[in-house]
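Whole structure, please, built from the sequences with the hints as guidance.
Protein chains in written order, with my numbering: chain A, 1 to 304; chain B, 1 to 496; chain C, 1 to 277.
There could be a bad hint or two in this list.
[Claimed, not checked] Below, computed lysine-lysine pairings styled on PhoX-like, alpha-carbon distance capped at 25 Å:
{"id": "1", "chain 1": "B", "residue 1": "Lys338", "chain 2": "B", "residue 2": "Lys224"}
{"id": "2", "chain 1": "B", "residue 1": "Lys316", "chain 2": "C", "residue 2": "Lys191"}
{"id": "3", "chain 1": "B", "residue 1": "Lys290", "chain 2": "B", "residue 2": "Lys269"}
{"id": "4", "chain 1": "B", "residue 1": "Lys336", "chain 2": "B", "residue 2": "Lys187"}
{"id": "5", "chain 1": "A", "residue 1": "Lys107", "chain 2": "C", "residue 2": "Lys45"}
{"id": "6", "chain 1": "C", "residue 1": "Lys191", "chain 2": "A", "residue 2": "Lys222"}
{"id": "7", "chain 1": "A", "residue 1": "Lys211", "chain 2": "C", "residue 2": "Lys98"}
{"id": "8", "chain 1": "B", "residue 1": "Lys294", "chain 2": "B", "residue 2": "Lys224"}
{"id": "9", "chain 1": "A", "residue 1": "Lys196", "chain 2": "C", "residue 2": "Lys262"}
{"id": "10", "chain 1": "B", "residue 1": "Lys349", "chain 2": "B", "residue 2": "Lys202"}
{"id": "11", "chain 1": "A", "residue 1": "Lys222", "chain 2": "C", "residue 2": "Lys262"}
{"id": "12", "chain 1": "C", "residue 1": "Lys45", "chain 2": "A", "residue 2": "Lys196"}
[To be verified] Every beta carbon over 10 Å from chain B, so not counted as near; a handful from chain C, in silico:
{"id": "13", "residue": "Leu19"}
{"id": "14", "residue": "Phe65"}
{"id": "15", "residue": "Leu89"}
{"id": "16", "residue": "Lys134"}
{"id": "17", "residue": "Asp135"}
{"id": "18", "residue": "Ser177"}
{"id": "19", "residue": "Ile203"}
Simulated from the structure, these hints should not be mistaken for laboratory data.
Quick reminder that beta carbons are idealized off the backbone N, C-alpha and C, glycines included.
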Amino acid sequence: MASSPGQSAFKDNRRVIIFALLAPVLAFFIVFNTIPTLWLLGLSFHKFSLLSGMPPEFFGFRNFQDIFRNRNGIWGDLGRTFTFVGVGVLVQTTLGILLGFLFWGSKDMPGRRLALTLLFTPMVLTPVATGTFFRFIYDPTFGVLNALVGWMSPTGTIDFLGNPQIAFWAVLAVDCWMWTPFMTLMTLAALGSVPKAELEAAEIDRLSWPKRVSLVIWHHGKFILMLGILLRTIDSFKTLDLIIPMTKGGPGQTTRLVAVELNKQSFESFNMGWSSAYSVLLLLISIAMTSMFIFILNRRRKGR
Amino acid sequence: MTADSGGKTGTRFVVPRRTILKGAAVAGLTGAFSAPFINRLKAQESHPLAGQKIDMNILGIAGWLPSSLGVKMSPMFADYVKEKYGYDVTFGFAEAPFADLFQKAATSLATKSQEYNIIISDSQWLGALAKPGWILKLNDIIAKNKNLQLDWYSDTVVNTYMKYPDGSEDIWGLPQEGDTKALYVRKDLVEDPNEQAAFQAKYGMKLPSTFEEYEELDAETYEKIMEFFTRPDQGLWGAAWQYSRVYDFCTCPLLSIMWSRGGDIWDPKTGQVEGILNTDANAQAMELYKSWLKYMPPGATNFGIAEEIDVWTQGKVATCLQWAAVGLAMITPENKDKVLVVPPPKFGKGAEAKRVYCMGGQPWVINAFNDDAKMRVAIDFMNWWYLPETTLEFAKRGGNPTDKATLSSPDFDTINPWNRAYKFMLETGRSRDFWHHPRYSEMLAVQQEGFTSYMTGTTASAKQALDYIACQQQQILYDDGTAATAPSDACSSTSL
Amino acid sequence: MSETLRARLYHVVLWIVSLIFFSPVAWIILSSFKTRSDILATPPKLIFTPTLDNYVDLFVNNRGFLLQLGNSIILSVTAVVIAVFVSFLAAFCFSRFKPKGTDFLMFLLLSIRMLPGPAVILPVYLMYVAFGWKDNHLAMILFYAMFSIPFSVWILKGFLDGVSTRFDETGRVNGGSWLHIIFRVVLPQVKPGLIAAFIFNIIFVWNEFLFNFIIGGVSTQNIPYALAVGAYSDGGLNWTFISALTSIYILPPVLFIYFFQKYLLVGMTFGTVRGEV
Numbered sequence: 001m002a003s004s005p006g007q008s009a010f011k012d013n014r015r016v017i018i019f020a021l022l023a024p025v026l027a028f029f030i031v032f033n034t035i036p037t038l039w040l041l042g043l044s045f046h047k048f049s050l051l052s053g054m055p056p057e058f059f060g061f062r063n064f065q066d067i068f069r070n071r072n073g074i075w076g077d078l079g080r081t082f083t084f085v086g087v088g089v090l091v092q093t094t095l096g097i098l099l100g101f102l103f104w105g106s107k108d109m110p111g112r113r114l115a116l117t118l119l120f121t122p123m124v125l126t127p128v129a130t131g132t133f134f135r136f137i138y139d140p141t142f143g144v145l146n147a148l149v150g151w152m153s154p155t156g157t158i159d160f161l162g163n164p165q166i167a168f169w170a171v172l173a174v175d176c177w178m179w180t181p182f183m184t185l186m187t188l189a190a191l192g193s194v195p196k197a198e199l200e201a202a203e204i205d206r207l208s209w210p211k212r213v214s215l216v217i218w219h220h221g222k223f224i225l226m227l228g229i230l231l232r233t234i235d236s237f238k239t240l241d242l243i244i245p246m247t248k249g250g251p252g253q254t255t256r257l258v259a260v261e262l263n264k265q266s267f268e269s270f271n272m273g274w275s276s277a278y279s280v281l282l283l284l285i286s287i288a289m290t291s292m293f294i295f296i297l298n299r300r301r302k303g304r
Numbered sequence: 001m002t003a004d005s006g007g008k009t010g011t012r013f014v015v016p017r018r019t020i021l022k023g024a025a026v027a028g029l030t031g032a033f034s035a036p037f038i039n040r041l042k043a044q045e046s047h048p049l050a051g052q053k054i055d056m057n058i059l060g061i062a063g064w065l066p067s068s069l070g071v072k073m074s075p076m077f078a079d080y081v082k083e084k085y086g087y088d089v090t091f092g093f094a095e096a097p098f099a100d101l102f103q104k105a106a107t108s109l110a111t112k113s114q115e116y117n118i119i120i121s122d123s124q125w126l127g128a129l130a131k132p133g134w135i136l137k138l139n140d141i142i143a144k145n146k147n148l149q150l151d152w153y154s155d156t157v158v159n160t161y162m163k164y165p166d167g168s169e170d171i172w173g174l175p176q177e178g179d180t181k182a183l184y185v186r187k188d189l190v191e192d193p194n195e196q197a198a199f200q201a202k203y204g205m206k207l208p209s210t211f212e213e214y215e216e217l218d219a220e221t222y223e224k225i226m227e228f229f230t231r232p233d234q235g236l237w238g239a240a241w242q243y244s245r246v247y248d249f250c251t252c253p254l255l256s257i258m259w260s261r262g263g264d265i266w267d268p269k270t271g272q273v274e275g276i277l278n279t280d281a282n283a284q285a286m287e288l289y290k291s292w293l294k295y296m297p298p299g300a301t302n303f304g305i306a307e308e309i310d311v312w313t314q315g316k317v318a319t320c321l322q323w324a325a326v327g328l329a330m331i332t333p334e335n336k337d338k339v340l341v342v343p344p345p346k347f348g349k350g351a352e353a354k355r356v357y358c359m360g361g362q363p364w365v366i367n368a369f370n371d372d373a374k375m376r377v378a379i380d381f382m383n384w385w386y387l388p389e390t391t392l393e394f395a396k397r398g399g400n401p402t403d404k405a406t407l408s409s410p411d412f413d414t415i416n417p418w419n420r421a422y423k424f425m426l427e428t429g430r431s432r433d434f435w436h437h438p439r440y441s442e443m444l445a446v447q448q449e450g451f452t453s454y455m456t457g458t459t460a461s462a463k464q465a466l467d468y469i470a471c472q473q474q475q476i477l478y479d480d481g482t483a484a485t486a487p488s489d490a491c492s493s494t495s496l
Numbered sequence: 001m002s003e004t005l006r007a008r009l010y011h012v013v014l015w016i017v018s019l020i021f022f023s024p025v026a027w028i029i030l031s032s033f034k035t036r037s038d039i040l041a042t043p044p045k046l047i048f049t050p051t052l053d054n055y056v057d058l059f060v061n062n063r064g065f066l067l068q069l070g071n072s073i074i075l076s077v078t079a080v081v082i083a084v085f086v087s088f089l090a091a092f093c094f095s096r097f098k099p100k101g102t103d104f105l106m107f108l109l110l111s112i113r114m115l116p117g118p119a120v121i122l123p124v125y126l127m128y129v130a131f132g133w134k135d136n137h138l139a140m141i142l143f144y145a146m147f148s149i150p151f152s153v154w155i156l157k158g159f160l161d162g163v164s165t166r167f168d169e170t171g172r173v174n175g176g177s178w179l180h181i182i183f184r185v186v187l188p189q190v191k192p193g194l195i196a197a198f199i200f201n202i203i204f205v206w207n208e209f210l211f212n213f214i215i216g217g218v219s220t221q222n223i224p225y226a227l228a229v230g231a232y233s234d235g236g237l238n239w240t241f242i243s244a245l246t247s248i249y250i251l252p253p254v255l256f257i258y259f260f261q262k263y264l265l266v267g268m269t270f271g272t273v274r275g276e277v
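Structure, rendered in structure tokens:
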């Protein structure tokens with residue numbers, strides 16, 4: 001009896017403690033997420049423009065109909081966004097893993113910490129500044145990139161952001177430049193999580209490299225790597241502040257991603273009803289995507 | 001509480017409600033102006049804010065010279081009221097670029113906030129700011145303030161900066177900066193005898209080199225000038241015009257060409273767009289404008305105001321269609337002897353040829369949620385802004401006033417190199433503004449997407465892009481209740 | 001001999017890769033020491049007479065700069081400290097007590113992160129309008145904190161899962177209170193996680209523009225806001241301003257990465273590794 005006062009206190013207070021520990025996060029969650037989301041949901045069924053000076057008016061599913069009616073609307077935006085996410089994450093992951101392996105065995109490299117810091121710098125650069133300055137780097141007349149292009153082939157300059165065939169990929173390239181280092185970071189973390197003993201054992205067994213990767217490294221590292229991919233997918237889906245200074249969704253609609261269109265409709269045109277409906281659709285997509293990833297992660301965990 | 005008595009005397013004057021105060025203030029003010037030699041002490045006593053200290057905030061356009069001029073001149077206003085009315089005023093400033101300013105203003109005004117007491121709005125936003133009741137309707141104020149009853153240079157000024165809805169008598173803004181399109185020409189190039197001779201030999205005509213010659217210039221000849229100076233191997237191109245997706249950059253020159261060629265964009269009375277905008281003639285205007293890209297430096301499809309300034313000041317182009325308002329930035333100490341500012345080209349042939357270009361410029365608008373004291377200062381500020389001395393000072397610093405008295409004075413033409421062209425373009429019929437409709441931003445976004453989609457070759461046909469824009473705009477106006485008719489059935493098949 | 005040569009070559013390759021990634025940033029920093037006409041020179045200049053005018057301009061002539069820098073620091077540090085603190089509590093709860101719905105809550109938390117900025121800020125903006133919270137430091141800090149919570153909870157839960165419950169039990173048996181266990185026993189063991197969560201979130205808030213633009217105002221403007229707003233100045237794009245301000249602003253995060261690199265790497269293992277990576 002005397003030996004377990006803590007135990008009983010633990011049980012008695014369990015609910016209280018759980019509540020006390022969770023309360024701050026829950027409070028944040030309710031005030032800044034639940035209430036706004038319900039608000040959003042409600043507004044999506046209303047006709048409401050901040051500029052009309054009129055209160056919201058119940059509208060049924062009209063906002064949703066409007067979103068899908070427009071032939072140059074959400075499908076194009078989603079198509080571009082998923083291309084952006086898919087290609088971007090693929091390139092960043094591949095390159096990132098490659099660089100990660102490259103840097104893995106460099107413990108004794110002189111100035112390694114500085115080199116890695118330089119490598120990681122792109123991801124901490126303010127996106128607004130990145131976008132603006134890359135517009136300058138890409139500029140056909142003054143840009144340094146076109147000076148290099150002209151130096152290699154004097155035939156002509158490339159209008160990176162003005163040519164609709166190139167603009168999308170030029171923006172994507174900047175995204176990859178910013179975020180490949182992140183995937184390198186994740187790869188290094190994943191490789192670090194592989195127990196040294198197992199690696200040494202593999203070396204003693206003279207396992208071939210592909211086998212070492214698939215049997216030892218992948219087994220320990222895939223959880224972290226998947227998380228990295230998940231985080232990149234999330235952030236890539238939201239890309240906005242890079243595009244606004246670079247192309248503003250143009251030329252035409254070629255770089256108009258969902259976030260760009262939503263920003264235009266909500267905070268340039270102030271169509272709050274329409275934008276709420278659009279946001280609700282994006283929320284559904286987000287939830288679908290997150291659950292998919294969580295499912296994969298959980299499967300991995302159970303296997304562990 | 002007792003320690004606060006000083007503050008209390010200060011606020012005592014705010015206690016009367018706005019209407020009472022406004023009436024009293026207005027009476028005091030007109031009195032002050034009709035009697036210029038009024039005893040200073042007496043004037044101070046008559047002002048309800050005397051002895052107070054007031055902080056004002058102005059929201060202006062970032063990177064826009066005339067807007068920052070207004071801001072930079074505001075300390076003069078502080079001195080003026082301190083002496084004349086005996087109150088202290090300090091100014092804070094906030095800025096946002098053109099493309100974001102409306103967003104900044106609207107997100108703040110929607111909260112009924114006094115964050116920005118006076119706003120420099122773009123002319124097209126009048127409707128969007130007035131409709132929800134965010135800005136002060138100025139008819140009564142103007143009626144009570146003689147100093148605001150100015151004789152404006154032309155109807156264009158009133159229609160562009162002051163009225164909403166179009167055609168009504170409701171006034172919501174007062175011109176801060178007048179602005180028109182102007183053609184900036186490299187004087188050193190067009191006056192060069194060698195260039196003159198070469199042009200004469202190539203085209204059998206004189207290379208225009210004076211204001212008068214450019215006054216008569218039509219688009220066909222202008223195209224020859226552009227072609228003549230397009231020499232990529234020398235790093236020189238014929239022209240820089242705006243094609244960018246950002247804000248209204250592609251729209252302004254393109255609408256100018258459409259109007260000049262006799263086209264129109266909508267019927268403001270019925271809200272009809274379809275059938276008026278998407279005509280074959282307007283499609284031809286788009287084709288013409290796209291064909292000019294070959295005379296522009298690479299990357300011209302991303303040209304906006306700032307990019308044009310960059311290529312112009314670095315000497316990359318021979319001519320540049322640019323706002324008169326950015327003359328200060330276009331004309332630098334290095335190139336000041338090499339610039340000629342002239343009216344942009346006419347479209348059409350012979351006597352039929354005409355020019356109708358887009359208006360630029362910005363009105364002052366006043367936050368409707370200002371408290372009494374701030375409202376009073378805002379009105380004092382307007383009165384001060386239109387004093388002849390202030391207006392002249394503004395012009396001397398590089399701004400463009402809009403009142404007849406200043407513009408008609410004999411030395412106005414010579415104050416700034418662009419003044420003559422500006423005045424010429426401000427004449428009735430040579431410039432006009434597009435929609436002041438509250439849904440402006442949406443209509444513009446659709447239009448910019450359509451225009452730039454065609455200009456960059458994503459959409460192959462100009463007519464297709466125009467059909468798409470017209471249908472979308474018709475839908476926007478129909479949803480809003482402005483347009484009487486819904487988009488036609490043909491619209492269901494339009495796309496970019 | 002050939003062994004050392006190979007090692008040298010390998011290190012040179014790594015350095016080149018790092019420098020390639022850094023080169024656009026280097027170009028920005030280089031530009032910050034150029035005059036406007038040097039920046040716009042064609043072909044671009046590598047050799048030029050450096051000038052400090054752009055920095056002098058920023059510190060002396062730019063009235064907003066100190067306010068904006070102050071705001072950047074206050075908003076990001078306060079918000080992230082709050083977020084990491086409450087996230088730690090929540091993560092501890094999730095990890096130790098596994099209350100019903102843990103998975104669901106963790107999932108909900110993540111889904112906030114998935115929505116594009118305008119969708120997140122739209123209802124919050126309308127709410128702030130209704131309550132009059134716009135342009136208010138506290139309201140902005142709380143919002144940024146909310147935005148930093150999900151990732152922090154995820155990282156910290158991973159770390160806490162790795163801390164054996166035996167420590168808690170020992171603590172209990174020795175008569176320690178829950179507060180004692182949480183802050184004295186468990187907290188020190190997840191330090192890498194705390195630092196990693198702190199750095200990753202502070203980099204986000206540090207660079208955040210949209211929310212500041214929409215729900216902030218005159219008194220809460222930060223440096224990214226200044227960068228977006230000041231990009232255009234009298235006379236075209238203000239390259240000197242952008243390059244100088246960006247060069248200064250990138251310094252703190254880069255120093256963080258340099259000094260806390262170890263923790264970043266360990267942090268991203270989500271607690272699966274405790275030692276050096």
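Checklist entry - In ascending order, which of the hints set out earlier in this document are inconsistent with the structure? => result Numbers 2, 3, 5, 7, 12, 16, 17, in rising order.
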